[in-house]
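Novice: Quick note, the sequences are listed as chains A and B, same order. Start counting the first sequence at 17; every next residue gets the next number (this note's numbering). Start counting the second sequence at 67; every next residue gets the next number (this note's numbering).
Among the clues, some could well be false.
Stated by the list, open to error - Cut-off 30 Å, straight-line C-alpha distance, at most; resulting in silico cross-link-like pairs (DSBU-like, lysine-lysine):
# : chain 1 : residue 1 : chain 2 : residue 2
1 : B       : Lys231    : A       : Lys203
2 : B       : Lys462    : A       : Lys203
3 : B       : Lys494    : A       : Lys203
4 : B       : Lys462    : A       : Lys129
As the list claims (entries may be wrong) - In silico contact screen, one side only, chain B against chain A (beta carbon under 10 Å); selected entries:
#  : residue
5  : Val76
6  : Ala77
7  : His78
8  : Pro80
9  : Arg81
10 : Gly82
11 : Pro149
12 : Asn243
13 : Glu246
14 : Met500
15 : Arg501
16 : Arg558
Unchecked claim - Just a few of them, taken from the derived set where beta-carbon distance is under 10 Å, the chain A residues facing chain B:
#  : residue
17 : Ala23
18 : Ser54
19 : Leu74
20 : Ser217
If you're looking for bench data, these hints aren't it; they were derived computationally from the structure. For clarity, every value in this text was computed on a predicted model and none was experimentally measured. Heads up, the beta-carbon is just placed ideally off N, CA and C, and yes, glycines get one too.
Chain by chain, the residues:
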Amino acid sequence: MRIALFATCLGDAMFPDVNRATTIVLERLGHTVVFPASQTCCGQMHTNTGYLHEAVPLVRHHVETFEDALAQCDAIVAASGSCVGSVRHQHAMVARTGGEVALALRAEVVAAKTYELSELLVDVLGVADVGAYYPHRVTYHPTCHSLRLLQVGEKPLRLLRAVRGLSLIELPAAETCCGFGGTFAVKNSDVSTAMLADKMSNVLSTRAEVCTAGDSSCLMHIGGGLSRLRTGVRTVHLAEILASTEDIA
Amino acid sequence: MTSTFLGLPVAHAPRGVGNLHGDETFPHAARAALGNAQLRHNLGLATATIRTKRALVVGEVPDWEELRDAGSAIKADVMARLPELLEQLENAVVARGGVVHWARDATEANEIVVNLVQATGAREVVKVKSMVTQEIGLNVALETAGIAAVETDLAELIVQLGHDKPSHILVPAIHRNRSEIREIFMREMEDAPADLSDDPRQLAMAARDHLRRKFLSATVGISGANFAIAETGTLAVVESEGNGRMCLTLPETLITVMGIEKLLPTWRDLEVFLQLLPRSSTGERMNPYTSMWTGVTPGDGPQAFHLVLLDNGRTAALSDDVGRAALHCIRCSACLNVCPIYERTGGNAYGSVYPGPIGAILSPQLTGTEGHGDPNASLPFASTLCGACAPVCPVKIDIPSILVHLRARTVDETRATRRPDAELLAMKAVAWTMRTPLRFARAERLMRIGRVLGFGRGRITALPWPGSAWTTSRDLPVPPKETFREWWLRERGDPSSGDASSGDAA
């Protein structure tokens, strides 16, 4: 299968390892990964902060970029639940709000072919064991948009359970938001921090070495707190765990 | 705002009367609340208990999702036919001996109620717990007119005696624990027993004795309404303590204030809502007391019945085709109990009697907002959009989508003022950068300068404003040496080529 990689702006600029890992996993499974170089940002931050007017050109650019990609690819993948959530649940709405009905219809076509990594692996490619090896104690935070917007359910856990060497510890109150919420983290910094404190104490209670999730932004938040308090617990994206083998663990 | 399909002018709830509007923006009010350890502890415990109870009793209803669909559809129908249904209700109430009053806003409603009470000569009224009379600040209006309003719901009584504000729709004293309640009773309740302990049963019995005297002497009762049936003119109040039943049946005169959105078209619609409401709110299969009355029944119950129909910004909310779904709310407070923001700040941080996720979409629509800086304009931003509220809403209000919609409305209001706004400028700049990959790649290279802020430790611990809002409590990773697109270009050559021959996997 030919798969277009939607790297997401945060993933491209701040977390290139996550996109490299996504590429590695898919290529290891025998698929071809394409990186449409004209991609930039899905506009999620603008949409969710209320800047719909500013988000319209970003939606248009995203749709144009990945429409072209779909001419030679079967699917689009992103290692981010919230960016896929934005594409699938908001792009058409943003276009319609901006009066662009035709763009909304095109956005729906692109959205229907866009998958979050665990969805692509489990639902589309039909694999749970991607041949990974990761000898660590890991707990999984099921990020809100993956959980409730995309409803990925058990898929990431099925992938993690198939990783050799990995011991998966259940996270208490896993379904509670970590307090990131995009611009919420700075606009409501105090509440965000209070939520993070509770998330961190749950992570620490598992005695895991690694907290993983399907979204770099949430991990940046949880990891930023864990690092500030020198907890020694790392955050690692699900894609990076799935990419690890005996050779590159 | 566009004009309403009803052809009515958009009139919001007035400022300065009632309790729909706080003095501080949410982030400021929340900061104080977060520092209250007792509040955090009480809220954590109470919301977790109600969450568990709700999940249990909702899980045992096989057609719960169908009930939610029905609830949502009935409410959408009500909103689409509101003028017609309201007139039907008025005719039915009048036909059964009631009097109907129309109040444009809180000020008018308070005037109507004060005049009605004064006409009876009563100096004291007993009240059923009601959100709408809190919304319009009725107790203050009555007090100003020299009429004492006695709250008869236990929690509402605690709030009233404590000169406090309710912090939860259903459990208004959720922020108080039993020793605080004992203190309030000892200080404010003239007939509290001298040896009162903080045992919950003793506290309840003390309140019961106190209230029983009030019930037996009151000549006027004031209530809100959970539902009003247009077809029959029947009003309904659901409650747990029986105090409502006392207020609704013992006094000579009953005055009911209800928001115009509380309507249901037909009697049989109650079947849906009497299943949805108790399970969603208290986590009970059925609430202990359901009182229904239709006009006046000679020789039985109040012999004078007045219904005050209140707009107070509801028509304005109705004119917004996305936001109007907030009017479907049946005040169950399930969304409060699952909200991670509410759980940590409590209700008072929202400044309005309607807190939590539903308050964040209802209050700003009722009052209208005036761009960034308006306390109610900050409410739709008091959410991470985590989506925990939507699946528990018994009438399927898509709260996260309405939050985004109202954020956009606030931004558009700020835009319309044409005053320079730092956030607007920053958002425009980022959007401009993201429009082409070339600009984005340049910005990424520029960001790399930020690596020096890590001082070789790989993490940034302090940034100037506005980045300080992040770094006061969280580290930030330094930007990587190489972005993903640079890596791809270096490793795979032709940027858009995906051929496996153009480079190895790693």
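Novice: Evaluate each hint against the coordinates.
Specialist: Hint by hint, here is what the structure shows:
no., hint, result
1, B:Lys231 with A:Lys203, "holds, 25 Å"
2, B:Lys462 with A:Lys203, "holds, 28 Å"
3, B:Lys494 with A:Lys203, "holds, 18 Å"
4, B:Lys462 with A:Lys129, "holds, 27 Å"
5, Val76, "violated, 20 Å"
6, Ala77, "violated, 24 Å"
7, His78, "violated, 20 Å"
8, Pro80, "violated, 26 Å"
9, Arg81, "violated, 23 Å"
10, Gly82, "violated, 27 Å"
11, Pro149, "violated, 28 Å"
12, Asn243, "violated, 20 Å"
13, Glu246, "violated, 22 Å"
14, Met500, "holds, 4 Å"
15, Arg501, "holds, 5 Å"
16, Arg558, "holds, 7 Å"
17, Ala23, "holds, 5 Å"
18, Ser54, "holds, 5 Å"
19, Leu74, "holds, 6 Å"
20, Ser217, "violated, 12 Å"
Checked against the numbered hints given earlier, the structure breaks hints 5, 6, 7, 8, 9, 10, 11, 12, 13, 20 and satisfies all the rest.
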